[in-house]
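Engineer: In terms of UniProt numbering, the sequence shown opens at residue 1 and continues consecutively.
FYI, nobody ran anything at the bench for these hints, they're computed from the structure.
Model, not experiment: these values are computed from the prediction.
No false leads were mixed into what you were given.
Quick list of in silico lysine-lysine cross-link-like pairs, BS3-like style, CA-CA up to 30 Å: (1) Lys87 <-> Lys102; (2) Lys167 <-> Lys211; (3) Lys190 <-> Lys176.
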Amino acid sequence: MSGTSDRVVIGMDPHKRSATIEVMAGDEAVVGGGRFDTGRAGYAAMRKYATRWPNRVWAIEGCQGIGRHIANRLLADGEQVVDLPPKLSARARVFATGQGRKTDATDAHSIALVGTRMAGLRPVVNDEQLALLRILADRRRSLGEDHTRMVSQLHQLLLELIPGGAKKNLSAAQAKALPATVRPRDAVGKARRRVAAELISDLERIYQRSKQADKELKELVASTGTTLMDLHGIGPSGAARLLIEVGDITRFPNRAHFASWNGTAPIDASSGDQIRHRLSRAGNRQINRVLHIMATVQLRNPTEGRAYFDGKKASGKTSMEAMRALKRRLSDIVFRHMIDNAAATAATGPGGHRGTTTDSSMTSSHPHASSSEKSLPGPAATQHRTPLPTAS
1 MSGTSDRVVI GMDPHKRSAT IEVMAGDEAV VGGGRFDTGR AGYAAMRKYA
51 TRWPNRVWAI EGCQGIGRHI ANRLLADGEQ VVDLPPKLSA RARVFATGQG
101 RKTDATDAHS IALVGTRMAG LRPVVNDEQL ALLRILADRR RSLGEDHTRM
151 VSQLHQLLLE LIPGGAKKNL SAAQAKALPA TVRPRDAVGK ARRRVAAELI
201 SDLERIYQRS KQADKELKEL VASTGTTLMD LHGIGPSGAA RLLIEVGDIT
251 RFPNRAHFAS WNGTAPIDAS SGDQIRHRLS RAGNRQINRV LHIMATVQLR
301 NPTEGRAYFD GKKASGKTSM EAMRALKRRL SDIVFRHMID NAAATAATGP
351 GGHRGTTTDS SMTSSHPHAS SSEKSLPGPA ATQHRTPLPT AS
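Could you put together the complete structure from these sequences and hints?
Structural biologist: Shown next, in the form of structure tokens:
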């Protein structure tokens with residue numbers, strides 16, 4: 001293959017400290033490969049080896065996860081990189097080997113095979129703004145997880161210190177005052193009181209850091225020109241997560257593909273005369289979580305989302321079925337906003353804004369009540385901030 005102009009795909013199975021590659025020609029002939037460490041020397045050796053094939057593209061599994069560190073290095077060095085979802089390589093591995101047994105070499109072969117056969121794999125781009133969003137969003141999520149864990153520990157300690165424990169929702173001032181109300185005499189009780197006081201101090205610091213992280217995230221999300229935070233139930237963290245995970249929204253041909261990708265499209269589980277759909281457990285769970293939070297927030301307030309949910313319940317749907325229908329509808333709305341934002345950015349350049357009007361489709365943050373929740377429904381035609389008719 002060396003010295004020719006034929007395009008090759010370099011499939012890579014990445015790890016933290018090593019990368020296994022396989023070089024595949026257009027006719028699926030294996031023309032090279034090897035295992036390299038990801039340190040400076042190993043990375044340099046891998047790139048030098050790859051220069052044997054001037055017309056090359058790197059197909060890396062999991063560029064949004066474990067493969068991101070090496071994909072970014074290749075991008076910085078001017079290489080062309082495409083992202084290969086792990087599910088695709090897993091299916092190719094079964095078809096190629098007859099079983100799902102994993103080794104680094106078989107993984108690299110499967111990745112190269114998919115990269116050679118499939119057109120339309122998402123190119124990885126060096127987007128500094130998205131990289132910054134990811135860092136801040138991951139940090140904010142980590143702070144939230146720390147807060148939840150510490151609050152749980154604090155309530156457990158307070159239950160053992162104070163008869164009946166503390167109320168569920170404590171302000172920082174109330175929590176800080178609680179240890180002073182008890183005077184344990186034994187060593188165990190004193191240790192509980194001291195640890196509770198330490199947890200309260202840690203929670204105060206986390207609260208301040210979370211507040212600052214929210215401010216930074218909100219400013220950065222706003223600078224992208226997105227209108228996602230205008231939707232009821234999506235805050236800075238949710239908007240950031242959507243921008244990070246979705247990337248280029250135009251890679252989805254339509255809203256049905258987007259719903260299938262995020263796991264909100266119900267799966268047909270009909271049998272005989274019984275027509276029903278069940279929950280999809282596939283899809284991007286982080287985006288599914290954002291949509292679930294969005295739906296939950298709307299259900300807690302007198303919104304069109306609440307009316308839509310109640311209408312589905314009144315028509316005989318269970319609470320779970322009504323929630324799935326609501327999330328499916330909200331997926332359509334998010335998709336439309338992101339498509340509109342992408343069109344605005346294309347028209348005005350990065351950071352540009354384009355306002356929506358009451359005549360534009362899907363400008364409301366709430367679902368229309370008159371359409372069904374079938375697996376691949378059409379969009380709900382909504383009007384901005386106007387009441388909706390009773391759900392069918």
